[in-house]
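Chemist: Letter by letter, the chains look like this.
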Amino acid sequence: MAVDEFLLGNTNDPVLRIFGWSRPCVSIGYFQSIDDIDYEKCKKEGVDVVRRITGGGAVFHDRELTYSFFTKNFPNNIMESYKEICQLIILALKRLGFEAKFSPLNDITINGKKVCGNAQTRKNNTLLQHGTILLDVDVDRMFSLLNVPLEKIEDKKIEDVKNRVMGISKKFEQVSDSLKSSAKEYFQCELIPYQLNQKDQDSCKKIMNEKYSNTDWIFRR
Amino acid sequence: MDIFQNLIKAKSISKLEKLVKIELGYLQESMEIKSIKITGDFFLHPEETIEKLEGSLVGVKLEKDSIKNKIEYILKNSEFYGFDVDSISNAIVDCVKKR
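Just so you know, the protein sequences line up as chains A and B, in that order.
Using the numbering used here, you'd call the opening residue of the first sequence number 117 and step up by one each time.
Using the numbering used here, you'd call the opening residue of the second sequence number 2 and step up by one each time.
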């Protein structure tokens, strides 16, 4: 999250960042209450908790590929901007043999099951959209850590809700390569590897220590 | 004066496209909002508008039109998804109805 925030304020060129998680983590949206997750259970099970700068719901990050995309060229309309950037993910999934669809506002589905969730923020005339492509998902564990409110489930059984999420059962490297190839095709560009220098890394660490690791930020709502 | 009025706490949850949860504190006699927290899995740009919205609702009477006018004013230059002005106004008023 700290790297995302740093890049949001310090990049002029489009950036595609691809990463995984060294250990499981729950991220909650900017507007969510901390009560939307079982914080104590997360801590007990060694699951990190982080609050994002983007809206949307709680996400259990484990066996997945996470991407962050930064651009200064985007539609003003929220729906249009999600639709446009999600096409990149849909193209990547197509390369892997999947027919995926954009499910407004911010999901991508395969045969009606959610495989990718996304969230955006806009600062410094830059749009950040980050999201996760599920490779494999332990739905029971996910639901045990997230306090899914009854109003979200409505008249559906919890088992039906659990069945609406699926992993694509591909390796991280396969999905990463597909995403990079799709970015070249979609944006008609070459990708230039980008490494944060020491000064940038120090700035990211500072943001992490002052904000994302701070319980004031995590518990702000 | 506030100190002579009972402070009532109430909550409500509403779902349009996304979930919106309201936690409210209001003065019983004057029906004025004393504190409000609006949470959920919705989207709002710029994100900091939520704090501005919550702050601006303090002191507003718990009456739909007053609340709706305030929300419309604060959100007029924002982009949001998952709720609309009407649904969030109703969710706030519902806190009192559901007590």
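It should be emphasised that the hints constitute simulated quantities derived from the structure, not laboratory data.
Quick caveat, the model's predicted, so the values are computed rather than measured.
Cβ coordinates follow ideal geometry from the N, Cα and C atoms, glycine included.
Hints are not guaranteed to be accurate.
Label pairs and their in silico Cβ distance ranges [as the list claims (entries may be wrong)]:
(1) B:K53 with A:K278: 21 to 27 Å
(2) A:E326 with B:K38: 43 to 49 Å
(3) B:K38 with A:K210: 39 to 45 Å
(4) A:N126 with B:L8: 15 to 21 Å
(5) A:Q311 with B:E18: 35 to 41 Å
(6) A:Q304 with B:K38: 41 to 47 Å
(7) A:I334 with B:K53: 19 to 25 Å
(8) B:I9 with A:F335: 20 to 26 Å
Which stretches of chain B does chain A cover? Using the computed rule of at least three CB atoms under 8 Å from a CB of chain A, they are [as the list claims (entries may be wrong)]:
(9) 69-79
(10) 83-96
Dumping the calculated DSS-like pairs for lysine-lysine here, alpha-carbon to alpha-carbon at most 27 Å [stated by the list, open to error]:
(11) B:K98 with B:K69
(12) A:K239 with B:K98
(13) A:K188 with A:K327
(14) A:K229 with A:K287
(15) A:K217 with A:K286
(16) A:K286 with A:K296
(17) B:K16 with A:K199
(18) A:K278 with A:K229
(19) B:K77 with A:K188
(20) B:K16 with A:K278
(21) A:K230 with A:K296
(22) B:K38 with A:K229
(23) B:K77 with A:K159
(24) A:K157 with B:K69
(25) A:K315 with A:K210
(26) B:K65 with A:K239
(27) B:K16 with A:K230
(28) A:K199 with B:K10
(29) B:K65 with B:K35
(30) B:K65 with A:K157
(31) A:K160 with A:K300
(32) B:K53 with A:K327
Chemist: A separate judgement is required for each hint: does it hold in the structure or not?
Modeler: Evaluated hints:
{"no.": "1", "hint": "B:K53 with A:K278: 21 to 27 Å", "verdict": "violated (37 Å)"}
{"no.": "2", "hint": "A:E326 with B:K38: 43 to 49 Å", "verdict": "violated (24 Å)"}
{"no.": "3", "hint": "B:K38 with A:K210: 39 to 45 Å", "verdict": "holds (42 Å)"}
{"no.": "4", "hint": "A:N126 with B:L8: 15 to 21 Å", "verdict": "violated (45 Å)"}
{"no.": "5", "hint": "A:Q311 with B:E18: 35 to 41 Å", "verdict": "holds (39 Å)"}
{"no.": "6", "hint": "A:Q304 with B:K38: 41 to 47 Å", "verdict": "holds (46 Å)"}
{"no.": "7", "hint": "A:I334 with B:K53: 19 to 25 Å", "verdict": "holds (22 Å)"}
{"no.": "8", "hint": "B:I9 with A:F335: 20 to 26 Å", "verdict": "holds (24 Å)"}
{"no.": "9", "hint": "69-79", "verdict": "violated (count 0)"}
{"no.": "10", "hint": "83-96", "verdict": "violated (count 1)"}
{"no.": "11", "hint": "B:K98 with B:K69", "verdict": "holds (17 Å)"}
{"no.": "12", "hint": "A:K239 with B:K98", "verdict": "violated (38 Å)"}
{"no.": "13", "hint": "A:K188 with A:K327", "verdict": "holds (25 Å)"}
{"no.": "14", "hint": "A:K229 with A:K287", "verdict": "holds (19 Å)"}
{"no.": "15", "hint": "A:K217 with A:K286", "verdict": "holds (18 Å)"}
{"no.": "16", "hint": "A:K286 with A:K296", "verdict": "holds (15 Å)"}
{"no.": "17", "hint": "B:K16 with A:K199", "verdict": "holds (23 Å)"}
{"no.": "18", "hint": "A:K278 with A:K229", "verdict": "holds (10 Å)"}
{"no.": "19", "hint": "B:K77 with A:K188", "verdict": "holds (23 Å)"}
{"no.": "20", "hint": "B:K16 with A:K278", "verdict": "holds (19 Å)"}
{"no.": "21", "hint": "A:K230 with A:K296", "verdict": "holds (22 Å)"}
{"no.": "22", "hint": "B:K38 with A:K229", "verdict": "violated (33 Å)"}
{"no.": "23", "hint": "B:K77 with A:K159", "verdict": "violated (40 Å)"}
{"no.": "24", "hint": "A:K157 with B:K69", "verdict": "violated (38 Å)"}
{"no.": "25", "hint": "A:K315 with A:K210", "verdict": "violated (38 Å)"}
{"no.": "26", "hint": "B:K65 with A:K239", "verdict": "violated (33 Å)"}
{"no.": "27", "hint": "B:K16 with A:K230", "verdict": "holds (20 Å)"}
{"no.": "28", "hint": "A:K199 with B:K10", "verdict": "violated (40 Å)"}
{"no.": "29", "hint": "B:K65 with B:K35", "verdict": "holds (16 Å)"}
{"no.": "30", "hint": "B:K65 with A:K157", "verdict": "violated (39 Å)"}
{"no.": "31", "hint": "A:K160 with A:K300", "verdict": "violated (42 Å)"}
{"no.": "32", "hint": "B:K53 with A:K327", "verdict": "holds (20 Å)"}
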